[in-house]
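As they're listed, the protein sequences go chains B, F and Y.
Heads up, the first sequence is in my numbering, so the first residue is -10 and it goes up one at a time.
Heads up, the second sequence is in my numbering, so the first residue is 2 and it goes up one at a time.
Heads up, the third sequence is in my numbering, so the first residue is 189 and it goes up one at a time.
What the hints contain is simulated information worked out from the structure, not anything from laboratory work.
A few of these clues could be false.
With a straight-line Cα cutoff of 27 Å, these simulated DSS-like cross-link-like pairs (lysine-lysine) come out [said to hold, decoys possible]:
| # | chain 1 | residue 1 | chain 2 | residue 2 |
| --- | --- | --- | --- | --- |
| 1 | Y | LYS385 | F | LYS426 |
| 2 | F | LYS338 | Y | LYS385 |
| 3 | F | LYS403 | Y | LYS410 |
| 4 | F | LYS338 | B | LYS34 |
| 5 | B | LYS55 | Y | LYS428 |
| 6 | Y | LYS385 | B | LYS49 |
| 7 | B | LYS40 | Y | LYS344 |
Over 10 Å on every C-beta distance to chain Y, these chain F residues come out as not near it, computed from the model [stated by the list, open to error]:
| # | residue |
| --- | --- |
| 8 | LYS8 |
| 9 | LEU23 |
| 10 | ASN31 |
| 11 | ASP41 |
| 12 | MET192 |
| 13 | ARG265 |
| 14 | ARG270 |
| 15 | THR339 |
| 16 | GLY348 |
| 17 | ARG349 |
| 18 | ASN425 |
| 19 | GLU430 |
Listed next, with one range per pair, are the computed distances between beta-carbon atoms [unchecked claim]:
| # | chain 1 | residue 1 | chain 2 | residue 2 | range |
| --- | --- | --- | --- | --- | --- |
| 20 | Y | LYS441 | B | GLY15 | 39 to 45 Å |
| 21 | F | PHE188 | Y | LEU351 | 36 to 42 Å |
| 22 | F | GLU147 | Y | ARG372 | 56 to 62 Å |
| 23 | Y | MET314 | F | SER407 | 33 to 39 Å |
| 24 | Y | LYS441 | B | GLY(-2) | 23 to 29 Å |
| 25 | B | GLN61 | Y | GLY213 | 43 to 49 Å |
| 26 | F | LYS3 | Y | LEU351 | 48 to 54 Å |
| 27 | F | LYS179 | B | GLN61 | 20 to 26 Å |
| 28 | Y | MET314 | F | PRO380 | 52 to 58 Å |
Glycine included, every Cβ here is placed at the ideal spot set by N, Cα and C.
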Amino acid sequence: MVKAIESTGIAVVHICTIVPISQTVGANRIVPAVAIPYPLGDPSKSREEEKVIRRGILEKALEALKTPIREQTVFN
Amino acid sequence: MKLELMKVNVKSVGWGDRTEVLKDGTLKVNKKELLAHVTDEENLKSIGAEIALPGESVRITPVKDAIQPRYKIEGCGQVFPGMVSDVESVGEGKTLVLEGAAVVTCGRIVGFQEGIVDMSGKGSEYTPFSKTCNVVLVFEPQEGIEVYAYEKACRLAGLKAAMYLAKCVYESGGTPDKTETYEIPPFTRSMNAFPGLPKVAYLYMLQTQGLLHDTYVYGIDAKRILPTMIHPNETMDGAIVSGNCVSACDKNSTYVHQNNPVIRSLYERHGKDINFVGVIITNENVTLADKRRSSSYAVKIAGMFGVDGLVISEEGFGNPDADLIMNCHKAEKAGIKTVLITDEFAGRDGASQSLADAAPEANAVVTAGNANMIVVLPPMERVIGFTEYVNVIAGGFDGSLKPDGSIEVELQAITGATCELGFNKLGAETW
Amino acid sequence: MTYRIVHYINQFFAGIGGEEKAGVGPESRNGALGPGMAFKAAFGNEAEIVGTVICGDGYFAENMDEAAEKILKMISDLKPDAVIAGPAFNAGRYGTACGAVSEAVSKKLGIPVVTGMYPENPGVDMYRKGIYIVETSDSARGIKDAVPAMAKLIMKSLRGELLGSPADEGYIERGVRVNRFNDRIGAARAVDMLVKKLKGEEFRTEYPMPVFDRVPPAEPIKDMKNAVIALVTSGGIVPKGNPDHIEASSASKYGTYSIAGVQSADEVAYATAHGGYDPTYANTDPNRVLPIDVLREMEKEGEFKKLYDYFFTTVGNGTPVANAKKFGSEIGARLKKDGVDAVILTST
């Protein structure tokens, strides 16, 4: 889906856990997520702490969207 | 370590006053005793028991697990260690097996869980459990029970039932029709046996992704393990048990763990054209770090074994494809030749990419078939369990369950249809 | 009964003319024409060519959609039971036309259709997955082999017989995976394959690894403060109750839901439909998969101008790539139309 949306010219950032799959399949902007059942969260933490984690990942996502790239890039 | 499987052939099942196997191969079961043995009032509101035989017009759904009745009669420990028996290590001595029988567990849906077993018709061609004589337990949860507790209760009840049946047969004096012996000696001998033959090990991937996607080793949630070695005989005594049933086609039921065909096939060729040196179990966790850690660790153990080749079996699909490819890539890089066993999700028309990940080194792959293939299951006269859930189970869709009782569904929903241990004869070709 | 067949050919095989006549538009004639005569002989009494539809290769190439539509109508007006196209041998435009017409017949008329091409004809790569293309030689001299092969295949399809492998039936490999029962279990096949691989002997993998295509990276956002961001997820978050019944696996659709005024993907209004992971965490707090709460905070703080009023969701569990591609294209087209600058796509 990422590639199909990007084909229309819109920048896409993929937040996902299994970065290698995203890389193999060919997403261009990738931000690693926390875990499969909770990509932007962490049930072992409090709700407030989770929101901080979520914010961090989303900030990275915006950063990725702003960054010019020539090839697939993982934004750690 | 040497284990003898004493196999009693079961040709049919019926209710009776005493749980035993008659001379004609009929397993008689005392229903009241069986149910009393597995009762769990704290978690289960009710447990029903029914019989489903090959060829009958019977549908069982939603299936959770299938377990082969076994009971250790000699040697340390007891079957399903750490689950319904003591935690002592198993895999040696003598174990009684009710060959041709299975306990099948079935229960009201919790989340997305499923599995359809048809004992006749189109669906029966795809599941191993249309060929076994099944004692089916049907569960209903207590009101308000928490899902994890309910899943555990169903799991334990199935194991208890399986052990109970085999134990009764043993105690009633049942005699085996066949004995099979499995032996691999300690490394000091095994590593030097058969010089000139390539050393081969089996990398056994276990699904460990959370509720209804879990596997247990000696009672430990395999999510929490580091890859480790296990003697193949331990699997025959139920050391590895399933807590896994979502997308029923490629989940390893306890039955296939007990009867692992890769282990069987490696034993068959052992000493002939390979030296089967051991088994490594590993998991399929939900974080990238765990995937990387486990794949590196598992391949490292294979390297310590000094193997030339590795058979790798997957469980599940999607993100575990990444684990499969990581294991393959790292092994090949370490100079170990690999063969992978997986299934495919190539779309209903078979035209889409079958795996979520890929690598050029994965050049030797056995496929258990395309799980997206649509089959139409004819209506059955009797349904054990509940059919209301067919439309929402993985592999089903809006309109799966037809008014006449037939079911149009993907192979995905049929228990064990594309088992990636290579249990079945199904495969796929590119046409 | 005698089956009714319609034959599609180009201007050259219709005897209208060569390249100089490639611009002629679609026309319909009764009976068989050109190579149709050879097919007539091959069919005998079982089928007859009731009509031939012709189109210039140049005209088709320059007016693909409109020509296909016209041709389809002409074909269907003849009320055929099946259609044969070409064979096109190695002629590129003709192969493309035969492929496009065949695919349209298959999809829109739902009747059997067979064409024939040389494997290197560009029409093969474009259309192989959806239709049966009989393998032919590269020139019209191969007509004496192409016709019986195509006739045999179309008759089999008309009789409702199951078609076999490419090798058995003479068609070009379509690239689709077909389930078949082996005579041995998978585990035995695997050990066998490993033994061969270790010995350095030849073996054949049952599943050749795919190669994935690439999309060039889209331009980055230059002015984030004025950007409109849209949220898409494959984690299956849907309004509670899954009103559009998105499947837990092998999703055949995606959902579009308004989040105008929604400040958080709370557990009262949302849940996950995804059957491929433990749903407990997503159900307790759907923001863990669809991070509306924090995105709204960032929107309020002016990090970007606006969170698009809709989110798109599907279940990325065993979803065939073809479906995912279709969803992505449709979603992308809509977002582009609505002036969305970038997309955050979350996966589980």
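Hints versus structure:
{"no.": "1", "hint": "Y:LYS385 x F:LYS426", "result": "21 Å, holds"}
{"no.": "2", "hint": "F:LYS338 x Y:LYS385", "result": "7 Å, holds"}
{"no.": "3", "hint": "F:LYS403 x Y:LYS410", "result": "53 Å, violated"}
{"no.": "4", "hint": "F:LYS338 x B:LYS34", "result": "43 Å, violated"}
{"no.": "5", "hint": "B:LYS55 x Y:LYS428", "result": "34 Å, violated"}
{"no.": "6", "hint": "Y:LYS385 x B:LYS49", "result": "45 Å, violated"}
{"no.": "7", "hint": "B:LYS40 x Y:LYS344", "result": "62 Å, violated"}
{"no.": "8", "hint": "LYS8", "result": "18 Å, holds"}
{"no.": "9", "hint": "LEU23", "result": "31 Å, holds"}
{"no.": "10", "hint": "ASN31", "result": "35 Å, holds"}
{"no.": "11", "hint": "ASP41", "result": "22 Å, holds"}
{"no.": "12", "hint": "MET192", "result": "17 Å, holds"}
{"no.": "13", "hint": "ARG265", "result": "7 Å, violated"}
{"no.": "14", "hint": "ARG270", "result": "6 Å, violated"}
{"no.": "15", "hint": "THR339", "result": "8 Å, violated"}
{"no.": "16", "hint": "GLY348", "result": "3 Å, violated"}
{"no.": "17", "hint": "ARG349", "result": "7 Å, violated"}
{"no.": "18", "hint": "ASN425", "result": "6 Å, violated"}
{"no.": "19", "hint": "GLU430", "result": "6 Å, violated"}
{"no.": "20", "hint": "Y:LYS441 x B:GLY15: 39 to 45 Å", "result": "24 Å, violated"}
{"no.": "21", "hint": "F:PHE188 x Y:LEU351: 36 to 42 Å", "result": "53 Å, violated"}
{"no.": "22", "hint": "F:GLU147 x Y:ARG372: 56 to 62 Å", "result": "44 Å, violated"}
{"no.": "23", "hint": "Y:MET314 x F:SER407: 33 to 39 Å", "result": "37 Å, holds"}
{"no.": "24", "hint": "Y:LYS441 x B:GLY(-2): 23 to 29 Å", "result": "24 Å, holds"}
{"no.": "25", "hint": "B:GLN61 x Y:GLY213: 43 to 49 Å", "result": "46 Å, holds"}
{"no.": "26", "hint": "F:LYS3 x Y:LEU351: 48 to 54 Å", "result": "52 Å, holds"}
{"no.": "27", "hint": "F:LYS179 x B:GLN61: 20 to 26 Å", "result": "56 Å, violated"}
{"no.": "28", "hint": "Y:MET314 x F:PRO380: 52 to 58 Å", "result": "42 Å, violated"}
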